[in-house]
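Chains A, B and C, in that order, are what the protein sequence lines are.
Note that my numbering gives residue 156 to position 156 of the first sequence, counting from 1, and the numbers run on in steps of one.
Each number in my numbering corresponds to the 1-based position in the second sequence with 1000 added.
Each number in my numbering corresponds to the 1-based position in the third sequence with 2000 added.
One or more hints might be untrue.
What the hints assert, rightly or not - Computed list of lysine to aspartate or glutamate pairs in DMTMM-like fashion (alpha-carbon distance at most 25 Å, straight line): (1) C:2433 - C:2217; (2) C:2022 - C:2382; (3) A:320 - B:1190; (4) C:2009 - C:2139; (5) C:2317 - C:2338; (6) C:2117 - C:2139; (7) B:1231 - A:206; (8) B:1205 - C:2106; (9) C:2415 - C:2383; (10) C:2022 - C:2007; (11) C:2009 - C:2065; (12) B:1231 - A:151; (13) B:1231 - B:1041; (14) B:1231 - A:247; (15) A:90 - B:1281; (16) A:320 - C:2058; (17) C:2415 - C:2217; (18) C:2415 - A:247; (19) C:2372 - C:2337; (20) C:2415 - C:2326; (21) C:2022 - C:2337; (22) C:2317 - C:2256; (23) C:2117 - C:2135; (24) C:2415 - C:2318.
Unchecked claim - The calculated label-pair distances, taken between Cβ atoms and stated as ranges, are: (25) B:1111 - A:243: 40 to 46 Å; (26) B:1299 - A:152: 33 to 39 Å; (27) B:1299 - A:115: 19 to 25 Å; (28) A:176 - C:2385: 48 to 54 Å; (29) C:2308 - B:1299: 24 to 30 Å; (30) A:176 - B:1299: 44 to 50 Å; (31) A:96 - B:1024: 45 to 51 Å.
Simulated from the structure, these hints should not be mistaken for laboratory data.
For each residue, glycine too, the CB sits at the ideal point set by N, CA and C.
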Amino acid sequence: MPTSSKSLAPQRLPATYRTEVVLLVVVLLEWLYFNSVGPRFASLENSYDILRHSAEIGLIALVMTPIILTGGIDLSLGSLLGLCAILFGKLWRDAGLPLPLAGVATLAIGALAGAFNATLITRLRLPPLIVTLGTYSLFRGLAEAITHGVDTFTNFPASFLALGQGRWLGLPAQAPAFLAVIVGIWILVHATAHGRAIRAIGFSAEGARFAGIPVSRYTTLVYSLAGIVTALAAILYTARLGQAKADAGTGYELFAITAVVLGGTSIFGGVGTVHGTLLGVAAIAILNNGLVHARLPREAAGVLTGALLLLALSGAMVPKMVERLRAHRRTRTASPPTPGSPAPP
Amino acid sequence: MKRYFRELSVTAALLLVLGGLAVAAPSFFQAQPLLSLATREAPTLLVACGIALVIIGRQIDISVGSQFGLCGVCAGMLAASGWHPVLVLPAGVAIGALLGAFNGLLVAGLGLPSIVVTLGTMVTWREGLRWIRQGQFVDLPRDLQWFGLPQAAGQAILIATALAIFALLALAMRGLAGGRHVYAVGADAEAARLAGLRPSWVTFKTFVILGALTGLAAMMNMVQSPQVDPKSGTGLELKAIAAVVVGGVAITGGRGNLAGVFSGLLLLACISPALIHLRIEAYWEKAIQGGIILLAVIADGFRRHGKG
Amino acid sequence: MTPPLLELKGIAKAYAGVQALKGVDFTLHSGEVHALLGENGAGKSTLIRVVTGAHQPDAGSISIDGRALHYLTPRQAHALGIACIYQQPALFPELTVAENIGLRLEPATALRRIAWKRRRQRARDLLSRIGASIDPESEVRELSMPEQQLVEIACTVGAGARVIVMDEPTASLTRNEQEVLFTVVRELRSQGAGIIYISHRLEEIFALADRVTVLRDGSSVGSTGVTETDEARLIRMMVGRELSQVYPEAADSPGDALLSIRELHAPSVGIRNVSFEVRSGEVFGLSGLVGAGRTELAHALFGLAPITGGTVTLRGKEIRPRNPAEAIAEGIAYVPEDRRRHGIIGEMPVAQNVTMAIHRRIFPASLLQLRKEDRLSRQYIDELSIRCAGSWAPASSLSGGNQQKVSVARWLATKPRLLILDEPTQGVDIGAKVEIHRLIRSLASQGIAVLLISSDLPEVIGMSDRIGVMRGGTLAEILPGRSEAPAVMAAALGQPAPKAESG
Chain A
1 MPTSSKSLAP QRLPATYRTE VVLLVVVLLE WLYFNSVGPR FASLENSYDI
51 LRHSAEIGLI ALVMTPIILT GGIDLSLGSL LGLCAILFGK LWRDAGLPLP
101 LAGVATLAIG ALAGAFNATL ITRLRLPPLI VTLGTYSLFR GLAEAITHGV
151 DTFTNFPASF LALGQGRWLG LPAQAPAFLA VIVGIWILVH ATAHGRAIRA
201 IGFSAEGARF AGIPVSRYTT LVYSLAGIVT ALAAILYTAR LGQAKADAGT
251 GYELFAITAV VLGGTSIFGG VGTVHGTLLG VAAIAILNNG LVHARLPREA
301 AGVLTGALLL LALSGAMVPK MVERLRAHRR TRTASPPTPG SPAPP
Chain B
1001 MKRYFRELSV TAALLLVLGG LAVAAPSFFQ AQPLLSLATR EAPTLLVACG
1051 IALVIIGRQI DISVGSQFGL CGVCAGMLAA SGWHPVLVLP AGVAIGALLG
1101 AFNGLLVAGL GLPSIVVTLG TMVTWREGLR WIRQGQFVDL PRDLQWFGLP
1151 QAAGQAILIA TALAIFALLA LAMRGLAGGR HVYAVGADAE AARLAGLRPS
1201 WVTFKTFVIL GALTGLAAMM NMVQSPQVDP KSGTGLELKA IAAVVVGGVA
1251 ITGGRGNLAG VFSGLLLLAC ISPALIHLRI EAYWEKAIQG GIILLAVIAD
1301 GFRRHGKG
Chain C
2001 MTPPLLELKG IAKAYAGVQA LKGVDFTLHS GEVHALLGEN GAGKSTLIRV
2051 VTGAHQPDAG SISIDGRALH YLTPRQAHAL GIACIYQQPA LFPELTVAEN
2101 IGLRLEPATA LRRIAWKRRR QRARDLLSRI GASIDPESEV RELSMPEQQL
2151 VEIACTVGAG ARVIVMDEPT ASLTRNEQEV LFTVVRELRS QGAGIIYISH
2201 RLEEIFALAD RVTVLRDGSS VGSTGVTETD EARLIRMMVG RELSQVYPEA
2251 ADSPGDALLS IRELHAPSVG IRNVSFEVRS GEVFGLSGLV GAGRTELAHA
2301 LFGLAPITGG TVTLRGKEIR PRNPAEAIAE GIAYVPEDRR RHGIIGEMPV
2351 AQNVTMAIHR RIFPASLLQL RKEDRLSRQY IDELSIRCAG SWAPASSLSG
2401 GNQQKVSVAR WLATKPRLLI LDEPTQGVDI GAKVEIHRLI RSLASQGIAV
2451 LLISSDLPEV IGMSDRIGVM RGGTLAEILP GRSEAPAVMA AALGQPAPKA
2501 ESG
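Kindly produce the complete structure, drawing on both the sequences and the hints.
Laid out in structure tokens, this is it:
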């Protein structure tokens, strides 16, 4: 956590923003580099491509942010995307629901799944990590069971596919939904008392409880919200690829968490911003796309992303380590062990 | 008996499934399918034991699947470049230990949360594998498969090795001071410090042991086929964690034992053959696995709160 | 003459700027039970932590058998034969009794076989030596508190410790268990061990101890043989001769009963059969020892612990809050004891801490209005003279006293009818203390009912219009304000009130 033992000197730029400034520079450097090596990289067309391909992970990263801000985590969102995608297909093709209705039902299913996670976490006070690890398996397993592992849903009408492949006012069709979620989550986290409460829970759930903040209710809120938006991502995914399969969204939760942590959100909760997360998503998405343009193997992006995550984490610990070392040295110089006494370990 | 209620109930569930299979599908108990089941699960058993150590010490490692793949591919490439099998196998284990030490350093040394650290190494190793192999399998020299022995002999060696190491580990966790220190650190790191232990050192060691076991498991997997799949080990972490949690190891640390993990692993391993023999579609396997994990976790939750 | 077993010289220790120990001297001889007395917060716990190596002192020296060290680590303390029985046993709840004892007594080397049979046998021997009937095979989390304590004592006995610290070992023991314990302690003494014995029960000290040292405000007030003193004198040493500071004048006369509690029961936190009234404008002090149930009573009133029986009436309306939000809605505010964990959120700015309990009121439609928030928080910063770099400064960057004022400001902002203050001046410097006292009085004069929980006797006596003394989860006595300190202390200890001496 930043700024705990700092002096009282005014500091206008909180530590979290510094992460975001660094990340912004990284994103710009990426952009400049790929621009210099791949002539087509900077085209508007390619930018739209990047947006299209990062919308779903972006959505999950966005709703992962408030969860991590409360000090929690949700590993089940990638699996939930797969489950929602095939349920959406199932409702439309086999149950014969009109697409809009199937879409609404899918969102409701997403919300329920999120609420299920939240119930286990709050009622039984189980660690979110292990609960969502269980539902990670469960949701993906249900998706496989429903499709028998092979069934895919295709032949969606063109009007629906336009949602993932078409244009809207010249922008990729995902843009309005993506933008709406960005604005919504940004307002929730940064402009409302709810965001304040979520942070307070992340810093100290007990402290928040003593201040009268309903901790369980907020936990339910953030996990359910994650469910709904993941269902939305599932619909966009289906529209973009034109098919719904049980393995949709595999590993998305990992990239989402990476983007969130990269964006300066502390895994311990409390600290972090939505724009930081967006920058994290951008950094990963541009890397992925740019490496192709630079004729470098796409897999390099994964390695770089993982390495970046570890570096960001370790980097965040450096001030703490320095402080600990300094404190250690202080006690040692203050009272050096007398000769003959056993050395401290 | 009350202390081992969890372990006993898992074993009872396992016996129930086996009993059900004996009635409904006696074909399950033929030697060949059982042998292949045991061979398939032997590497997973080692990884599950390693994960159990880490979880008992109140940490977690989700990068074992990637470690497994990386160890297999690296050792395979060493073998392909002409290393003698006697050197390749220890090298694979050493690589695993090194990867584990890396996680351990970040977790115990820097005090980072193990879930994110191992998430990072999981992605890095897996994508690194894809990068260097581009999905290509590593062809192994012939004399490596089944250690150059006939298949049945090779299988016997594998199963015996896995069981021996499992037994050694189980004994060590029960009867060696070092094993009990893991429990102490997982139960209460501060109390462990007051009792004169060094919690971060203990944590570091559990990660190294897990890495070495994962390396060994990868070697066991490698000798079963003429090639190494760079995707091998994908999802292994979940299988292993599921076995550990179902086997009664508390995710909050300090509780559980390897015998329970053994039962848990077998119970999960029997699901898919049971499904086949009971003519239920195999696609339900993962969902049932997830359900069992959740049930186990929920049971632990109730158990904890029942005590107040 | 042989050097003393343990000799502390000029031990000083500060936490976050608060001086917990100010140069304490303490000597323990072998074959001696040395009692350590003092009010809550006098520095006893800190002194113990220094002796056991859990904390390192800022200054001073520790001599063991005449060999001087500057500080100890837990490992060193262990090796030198220093053992402690904590109030909260430092045991491993998931492990068995035999294993807990084994982990303490066996060397910390990893590659060593564990002889379970011998371990169990040793545990059984040790437990029977101290007269405890505990199955070495049971898990520690299944044991009751006194049983856990006996396990701790067994560890100590087994370690053959020469310096044994006992921190209120009898607090949760029955009479019989106490007798067993005393026998064990006397046995240890006769074997040449030195025992530092902390207890609030004076009769125990006279029954067991050879010498007694009294701590007050982080300094040693004096050491004396128990035969050379009596209970009244010890109580006076603990509380000081007079009220050390001037407290603001009480209001003219409190108004009508604002809060009235009848036969309140909250068994989950050990509260039973509590009845009293607090009038508007009144400061009602709650005194008692640690564990007497004062904080727990506050938790029950604030919706943090379920009330199962009795009635709570606030302004004529019967209430039973199920969570803090409901309590806040009824006009109850609670400034908690543990400032760092519950009172403030250190990472968040002062302004956000101040408004944390009034989101609904100042942010219509939940939309943040930072300027409004800033204005409001500045108003409280001025009003309570909170010294900080600005309303945006993280609360943890403030000094202890100012953090406390932030915590109080949060609850004043809710415009409460009933304000519960739990140890409001603990770990606060004298200047801030005076300001907080003045603030409490002025709040009361505005018609708020104040429930003041404090272990600081002069404070609770100087501030309160009436003093309720809690003992064992219930309200044992109600004394008038400005009672004599020894009388309050005696009530808390369950002793007959000592005769007031002149002077």
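Review point. Is the straight-line distance between the alpha-carbon of residue 2433 (chain C) and that of residue 2217 (chain C) 25 Å or less?
Key: Satisfied, since the Cα-Cα distance of roughly 14 Å is no more than 25 Å.
Practice item. For the pair supplied as a hint, residue 2009 (chain C) and residue 2139 (chain C), confirm whether the alpha-carbon distance does not exceed 25 Å. Key: Violated, at about 41 Å.
Review point. Are the Cα positions of residue 2372 (chain C) and residue 2337 (chain C) separated by 25 Å at most?
Key: violated, 29 Å
**Study point:** Restraint status (C-alpha distance of residue 2317 (chain C) to residue 2256 (chain C) at most 25 Å)
**Key:** holds, 14 Å
Practice item. Would you check the hint for residue 1205 (chain B) and residue 2106 (chain C), treating anything up to 25 Å between C-alpha atoms as holding? Key: holds, 20 Å
Practice item. Evaluate the given range 44 to 50 Å for the C-beta pair formed by residue 176 (chain A) and residue 1299 (chain B). Key: Given a distance of about 45 Å, which is inside 44 to 50 Å, the answer is holds.
Review point. Has the given pair, residue 2117 (chain C) with residue 2139 (chain C), been kept, meaning a C-alpha gap of at most 25 Å?
Key: Cα-Cα ~17 Å, so holds.
Practice item. For the pair supplied as a hint, residue 1231 (chain B) and residue 247 (chain A), confirm whether the alpha-carbon distance does not exceed 25 Å. Key: holds, 16 Å
**Study point:** Distance restraint between residue 1231 (chain B) and residue 151 (chain A), which requires alpha-carbon spacing of 25 Å or less
**Key:** Since the Cα atoms of residue 1231 (chain B) and residue 151 (chain A) sit roughly 24 Å apart, the hinted pair holds (cutoff 25 Å).
Point to revise | residue 2308 (chain C) versus residue 1299 (chain B) beta-carbon gap, inside 24 to 30 Å or not | key: holds, 28 Å
**Study point:** Restraint status (C-alpha distance of residue 2415 (chain C) to residue 2326 (chain C) at most 25 Å)
**Key:** Answer holds: residue 2415 (chain C) to residue 2326 (chain C) is near 15 Å, not above 25 Å.
Practice item. Given the hint that residue 1231 (chain B) pairs with residue 206 (chain A), test it: the Cα-Cα distance must not exceed 25 Å. Key: This hinted pair is violated, its Cα atoms lying about 43 Å apart.
The structure fails hints 2, 4, 5, 7, 17, 18, 19 and 31 (numbered hints given earlier, in ascending order).
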